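Spelled out, the chains give:
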Amino acid sequence: MINIQEVIETNTMIEKENLDVRTITLGISLLSCIDSDLGRLKEKVYTRITTLAKDLVAVGRAIEREYGIPIVNKRISVTPIALVGASACKSPEDFVELAKTLDSAAKTVGVNFIGGYSALVSKGMTMSDELLIRSIPQALACTDRVCSSVNVGSTKTGLDMDAVKLLGGIVKETAELTKERDSLGCAKLVVFCNAPDDNPFMAGAFHGVTEADAVINVGVSGPGVVKTALESVKGADFGTLCDTIKKTAFKITRVGQLVAKEASRRLGIPFGIIDLSLAPTPAVGDSIAEIFEVMGLECAGAPGTTAALALLNDQVKKGGVMASSYVGGLSGAFIPVSEDQGMIHAVETGALTLEKLEAMTCVCSVGLDMVAVPGETGAATISGIIADEMAIGMVNQKTTAVRIIPVIGKDVGETAEFGGLLGRAPIMPVNRYSCEDFISRGGRIPAPIHSFKN
Amino acid sequence: MKKTIITVLGKDRVGIIAKVCTYLANNKVNILDISQTIVQGFFNMMMIVDINDAQKDFDIIQEELAQIGEEIGVIIKLQREDIFQSMHRI
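As given, the protein sequences belong to chains X and Y, one line each in that order.
Note that this note's numbering has the first sequence beginning at -2, numbered continuously upward.
Note that this note's numbering has the second sequence beginning at 495, numbered continuously upward.
A few of these clues could be false.
Claimed, not checked - Covered stretches of chain Y, going by a simulated chain X footprint (3 or more residues, C-beta under 8 Å):
{"hint": "1", "segment": "519 to 533"}
{"hint": "2", "segment": "545 to 556"}
{"hint": "3", "segment": "559 to 567"}
Unchecked claim - Over the 10 Å line for every Cβ pair with chain X, so calculated as not near, a few chain Y residues:
{"hint": "4", "residue": "508"}
{"hint": "5", "residue": "513"}
{"hint": "6", "residue": "539"}
FYI, nobody ran anything at the bench for these hints, they're computed from the structure.
Because the structure is a prediction, the values reported are computed rather than measured.
Each residue gets a CB set at the ideal place from its N, CA and C atoms; glycine is no exception.
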């Protein structure tokens, strides 16, 4: 039988260490909605989402109440819209209409984000992929809850450098169109390499074409819990450190698995995966950077940070896989700058640079996330930053992503304020040398030699 | 049988257990186990209960217990046992 110490431990994690389930994400396939008439397509998309997701928020709240665990976000991901709208949308403006439909469906069912305004162009862009990408700035400027992502490469296909070049400009345009809100639109746009089909985390979530009609994916969290657990083993050797992280990750993931199974049962929608990610929030104590400090680094960015992150990421996975039947998504430690107090502090004090952050992305999930750069940063430079990050993902057979915000009208020394879970980001300096000629070459970077495994 | 956990946290005083137990008895909630401890000067009590015969819904019992807690200056929570089983048992 459960004893009082165990009950106290669990409730302390929830009440004092910010343990929560970060998101229940309902993936919905929109392939059955495809129609050549835009009006009919919009109607079918709206109806399908609002029918399937009508109980999502209520079920999420009921689970929260009964188990006493906060479920921070209830979200929806849909089939990449470049596919759904391929037949009906003849211009970027047509795609923007679809974005508005997604936004209003999200508002009707009460989810805070809907992901999947996406295109998968790892080897090349179809006409509709390109139209969708060109519509992103407008779509993100005139909607509140729509999130967009573009997969521009994979280990198997190499990198679509035409898309990388195009996206540098798209990021800039998105920043311009939302400059009144510190270029917030860019916080809802992710560029991926090796994007997973079942990621429940925004802004990069979409419901891949390999998925079933509808599926429940759950993202767990808990940097604060790991940090507190590590405080009890200060000074111990690496073996003890690893054991402690594994045990904690196991406990966190089991809660995620329970919530996922319950949500799946109550909604009558199959369970997909648990995403074992340590996702920080701007709340004090809920920080990946603070875990590094407990591990023995003065500040995130200090020499040893990449090793500490590699260790943390690996142990989270090792502890988590045993706790869940199906693990997927991004699964690792997230290092979004603006959403993590410790990371913000490290950037402000000069301990953490963009280059060190890039090195860190080699050993953890995702990549340059919620990084604010000067508004005057050129489109080619942004493409260059994206290309570097995509190359890391392609060569290392892992997911990498870029969510970069050129904050229009702001420069190094200033801070962009996004509010809520998106937090605030100090503007980071960018290498000023040009990559213009490299980016404007056009074409593809071929797949690396080790991708030929057949 | 699905079990439910009641936790009471706060400053110790006379009558906490009496108050909670009276409410449970009046609402046909059967107590299976009680334990208590003091953590950092705070009174912690845990009850494992069976609410399957209760006439009121989970939500209502949860709210009414929270209300009793407010009246006597402690925090009373009602949670399904599964969350603790999941986290602490393989």
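Numbers of the earlier hints that this structure fails to satisfy, in rising order = 3 and 6
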